[in-house]
Amino acid sequence: GAVVSQHPSWVICKSGTSVKIECRSLDFQATTMFWYRQFPKQSLMLMATSNEGSKATYEQGVEKDKFLINHASLTLSTLTVTSAHPEDSSFYICSARGTSGDTQETQYFGPGTRLLVL
Amino acid sequence: GESVGLHLPTLSVQEGDNSIINCAYSNSASDYFIWYKQESGKGPQFIIDIRSNMDKRQGQRVTVLLNKTVKHLSLQIAATQPGDSAVYFCAEDPMDSNYQLIWGAGTKLIIKP
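Chains as they are written, first to last, in the working numbering: chain L, 1 to 118; chain A, 1 to 113.
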C-alpha cells in the first residue's frame, strides 16, 4: 500500500512553455501533498505544501505564480511550471500524507519527474 | 552544467560488510524520525522509522538507533548488497501542524565488489 505515482516521468520542453506534472495517491486518500525540487547531489528542497481543497503554502523564495499548485481532490495534486526557463530544469518530486494508518505518519513519495527546459 | 552546491558525503563499503550511516538532527522537539533510500533517478523510498520514545528499532537487515541526548540518528545495514547502493536521507518530523519534514543532507552509499 501507500503508492504514489507521478506523470510524466520526464519531459523536455521549449523555453517559455508551461508544463504540468501530476501526482496521484493510488491506494489512499492524501489530505496533504508536498512538492519538492532536487538538484544533482543535493537533498530535497520543499517548494510547497498543499491541503486538499485549499491554497498551497509556498516556501520562502518559491514563486507561487511561477509554480502553480492545485490539489482539487484527495488523490490528485498538480504542479504547473509556467513559462519555463532553463533554470527550471530539475527533478521534481511529490509526496503524500494521508489520514489513516501508516499514511498518517509518513510521507510517501512519487518516482519523480525530470524536467529539461531547452 | 551541474548546479553549485553541497556535495553528498560518501560511504564506501565492501559487499557483505555492515554499513553505518549517521545523521545529526536539529530539532529537540522532533518526535518522529524516518530513513529514506533514494536510488538514482527515483523518488525517496521509505526504509524504517522510529519514534522518540524508542532508542532502537529493527527491520529486515536494517536497524535504526536514536540518541536523543546528542540528537543523533544512525542507520545500520547488515550484510550490504549491491542493491543497497543509493543515497540515504534521514528526516525528522517535528509533528507540528505543517506536517513538513526536516531533511538531512544525505549520504551516498557505494558498495565495492
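Mixed in with the good hints there might be a few duds.
Said to hold, decoys possible - Taking lysine-lysine and the BS3-like style, the derived pairs with C-alpha atoms no more than 25 Å apart in a straight line are:
| hint | chain 1 | residue 1 | chain 2 | residue 2 |
| --- | --- | --- | --- | --- |
| 1 | L | K41 | L | K55 |
| 2 | L | K41 | A | K68 |
| 3 | L | K41 | A | K108 |
| 4 | A | K42 | L | K14 |
| 5 | A | K71 | A | K108 |
| 6 | A | K108 | A | K42 |
| 7 | L | K14 | L | K55 |
| 8 | A | K56 | A | K68 |
| 9 | A | K112 | A | K68 |
| 10 | L | K20 | A | K42 |
| 11 | L | K14 | L | K66 |
| 12 | A | K71 | A | K56 |
| 13 | A | K56 | A | K108 |
| 14 | L | K64 | L | K14 |
| 15 | A | K112 | L | K41 |
Hints in this document: simulated from the structure, not taken from any laboratory.
These numbers come from a predicted model, not from an experiment.
Hints and how they fare:
| no. | hint | in the structure |
| --- | --- | --- |
| 1 | L:K41 / L:K55 | violated, 31 Å |
| 2 | L:K41 / A:K68 | violated, 28 Å |
| 3 | L:K41 / A:K108 | holds, 9 Å |
| 4 | A:K42 / L:K14 | holds, 24 Å |
| 5 | A:K71 / A:K108 | holds, 21 Å |
| 6 | A:K108 / A:K42 | holds, 14 Å |
| 7 | L:K14 / L:K55 | violated, 28 Å |
| 8 | A:K56 / A:K68 | holds, 11 Å |
| 9 | A:K112 / A:K68 | violated, 32 Å |
| 10 | L:K20 / A:K42 | holds, 19 Å |
| 11 | L:K14 / L:K66 | holds, 16 Å |
| 12 | A:K71 / A:K56 | holds, 14 Å |
| 13 | A:K56 / A:K108 | holds, 23 Å |
| 14 | L:K64 / L:K14 | holds, 21 Å |
| 15 | A:K112 / L:K41 | holds, 20 Å |
Violated hints, in rising order: 1, 2, 7, 9; the structure is consistent with all others.
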